[in-house]
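Peer 1: With these hints in hand, go ahead and build the complete structure from the sequences.
The lines below spell out each chain.
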Amino acid sequence: MKIKANPSILFLYGLTLTILAFTLRKLNPLAFSSLLNLSIGLVLGFRKYRFLIAAFLLSLVGVAVNALIFAGGEPVYHIGCLVIRSGAITGFIEVSLRLALMFSATLIFSSLTNPRDLLRSLESELGLPKQVSFTVSLSLRLLKIFETDIREIQAVRKSRGLRTTPITPSDWDSFLSPLLSLGLERGRWIGIATELRGFSLRKVKKTCLKLGFVDFLLLTLMLIQVLASLLF
Amino acid sequence: MQKALQVDVEEAGYEFGKLILRNVHLTLEKGELLLLLGPTGSGKSTFILMITGVLNNLLYGYVKGTVRLFDINPLEPEGFRQVPRYIGVVLQSHELQIAMQTPLDEILFTLENLGVENAFEKAKRVLDKYGLLDKAEVDVETLSGGEKKRLCLASSIVHEPELFILDEPTANLDPWGEREILNYVLELRRRGKTVIITEHKPRYFLKIADKIAVIENHTLRLGLKNSKDFIYSATVSLKKRREKERREIVRLEKVKFRYCSECSLVLRDTSLQVFNGENVAIIGPNGSGKTTLGKIISGLLKPIDGEVRIAGAVPWQLKPRELLKKVIYIPQEPNYFFVRNTVEEELKLAAEYGSLKLEDVVKNLESWILDKMNESPYRLSYGQKKWLTYIIARIYGSKVVVFDEPTAGLDFQLVKKFFTWLKEEGRTGVTSILLTHDVRVLENAADRVFIIENGEVKEVSVREGIEILRKPVEEWFYEN
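So the sequence lines, in the order shown, correspond to chains X and F. Numbered by this note's numbering, the letters in the first sequence go through residues 1 to 232 in order. Numbered by this note's numbering, the letters in the second sequence go through residues 233 to 712 in order.
Just so you know, the hints here were simulated from the structure itself, not pulled from any lab data. Since this is a predicted model, take the numbers as computed values, not measurements. Any given hint could be a false lead.
[Unchecked claim] Calculated pairs, BS3-like style, for lysine-lysine (alpha carbon to alpha carbon, straight line, at most 27 angstroms):
(1) X:2 with F:439
(2) X:158 with F:631
(3) F:551 with X:158
(4) F:439 with F:703
(5) F:354 with X:205
(6) X:158 with F:589
Peer 2: Written out as structure tokens, the structure reads:
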């Protein structure tokens with residue numbers, strides 16, 4: 001059975017999670033929200049967005065390296081010449097949980113809607129400007145294309161005798177350049193094509209929010225997490 | 233007769249001081265078909281962006297002069313807003329213009345923008361007409377290149393505009409797809425619609441074009457219908473097979489491949505043998521598995537069963553640099569290929585890894601590349617990017633070069649140069665595997681031809697290959 005939610009509610013839910021990820025100071029409500037949403041996100045999007053999950057895990061490696069180098073505090077462990085300080089552990093956990101919360105918002109959001117429904121809902125039900133609504137909806141489509149781009153870039157890097165997974169800053173530069181360039185080119189041409197297909201003539205009719213069971217569930221979850229963040 | 237388009241432009245470009253077009257004067261009557269030709273990077277796409285008002289209204293470019301599109305002025309902001317009601321455009325990089333996730337949504341997007349009533353029924357009808365109804369709700373990324381092209385065409389004509397602009401409509405399409413495009417264009421003509429087509433393979437449209445124009449040296453010239461410089465002759469002699477010492481360089485034995493355990497087989501029991509210095513064309517419909525086969529030969533994909541040997545080695549057991557000495561893969565989309573920020577750095581990197589010295593390479597480069605050495609490779613035109621990938625591949629000096637759609641986006645001069653280049657490389661023992669739909673590749677460069685269909689690969693003679701690729705379009709010419 002395909003689960004679908006009202007895109008506007010999903011948008012609000014995703015926005016709330018992102019705000020919580022940036023504003024929560026205490027570890028307990030942050031851990032609660034992150035683990036809850038990560039579980040939901042993985043159940044919904046594991047099959048469809050494996051590359052996103054891989055990218056998230058890769059970013060955790062970066063977080064760990066960053067924490068090891070820059071964090072202070074008392075030394076807790078010694079592994080060979082490596083000293084792990086208390087700040088590194090708490091820093092890693094905190095930043096990972098914040099990232100996990102934003103990442104799970106993306107997974108839940110992209111798994112439960114499609115670009116056209118999102119566009120219509122954001123502009124008609126939430127009353128967002130059509131340009132903003134279109135940009136948000138387009139990002140959903142670009143997620144899939146992004147995956148294809150990464151695969152192709154990796155293939156060509158292998159063919160040109162370069163590392164397929166970037167490690168050094170130079171690798172990252174040469175990996176991200178085609179990705180950004182393609183993104184810019186795609187954005188440019190989609191923008192031109194959209195204008196030539198009458199986007200500026202698009203008229204928006206305001207409609208009321210229509211909510212179903214999944215939407216009420218999301219709203220309840222949202223409320224619980226906001227309350228948890230305020231109470232604990 | 234009502235004028236569909238009237239252009240009187242002294243100068244146009246993306247920024248002042250760097251003009252792309254000058255002295256462009258053109259009148260197109262309603263119902264006429266204009267075939268627009270010109271070398272890679274000459275300004276054909278800029279012309280389209282200019283007449284639709286995109287150049288000055290969206291891209292911050294400038295246009296000195298006047299453009300009249302039916303009864304509106306697309307250069308003015310208010311006129312530009314009305315342009316979509318009059319035109320339907322399929323851009324050159326059609327894959328880059330799809331905004332929605334399913335074909336149905338893509339068609340509905342146009343209709344909803346323009347406030348067309350009964351949009352859903354209309355969208356379904358159009359999808360049916362373009363053979364996409366059974367794929368109405370699938371992810372567009374699962375469509376083949378030909379299907380995506382049809383989708384772009386359908387979404388640009390669904391609102392019944394008066395003028396259609398098709399920027400290289402047959403690029404990357406198999407002959408069956410080309411035939412479909414020809415049919416659609418002919419139908420538009422019969423319905424009295426005005427059409428502008430830019431093409432590097434003009435022979436397809438010569439028969440039905442009313443006007444032919446060429447953009448060269450920034451200027452548009454009209455009335456060159458019989459010019460041999462720009463119209464490619466189909467009467468090219470079949471090349472003689474070169475005598476050479478045959479040494480096996482590529483061997484595939486009973487190779488099976490699929491992308492996931494639940495997916496169906498893309499290749500089944502595929503066997504082929506290629507010798508050094510050969511130019512081997514692999515043909516087949518869009519989505520038949522040519523790119524997959526090319527990637528297996530290049531060591532980028534590992535089959536689930538069977539044996540693959542490139543110059544005696546198992547490709548996926550080699551380290552990247554060892555693999556590069558044996559084989560290099562050049563993708564259809566050149567943007568994927570670049571890994572440095574300037575053209576010069578790209579060439580330097582290749583020279584560092586490769587067999588040729590940078591100075592020797594630079595001596596033989598075209599002037600346009602020398603002019604752009606300090607520019608980002610991503611800023612080149614599509615054809616120029618493709619050509620740069622070939623130069624880089626040559627510097628690497630791999631024994632086998634796998635080209636995916638090598639002639640798509642290249643103008644006549646570069647295509648000719650590419651064929652000469654293939655012959656020269658063949659003489660030095662370099663093997664080229666050409667994954668292609670382009671009959672010109674078979675006519676001018678291929679020593680052997682393999683056809684891939686329903687996951688199976690078989691060898692056919694070059695003559696048979698040419699007939700297979702020509703048949704759909706020739707039948708079309710005969711029927712029409």
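Peer 1: Look at each hint and say if it fits the structure.
Peer 2: Right, here's what the structure says about each hint:
no.: 1; hint: X:2 with F:439; in the structure: violated (51 angstroms)
no.: 2; hint: X:158 with F:631; in the structure: holds (16 angstroms)
no.: 3; hint: F:551 with X:158; in the structure: holds (9 angstroms)
no.: 4; hint: F:439 with F:703; in the structure: holds (17 angstroms)
no.: 5; hint: F:354 with X:205; in the structure: holds (20 angstroms)
no.: 6; hint: X:158 with F:589; in the structure: holds (22 angstroms)
In terms of the numbered hints stated before, the structure departs from hint 1 and from no other.
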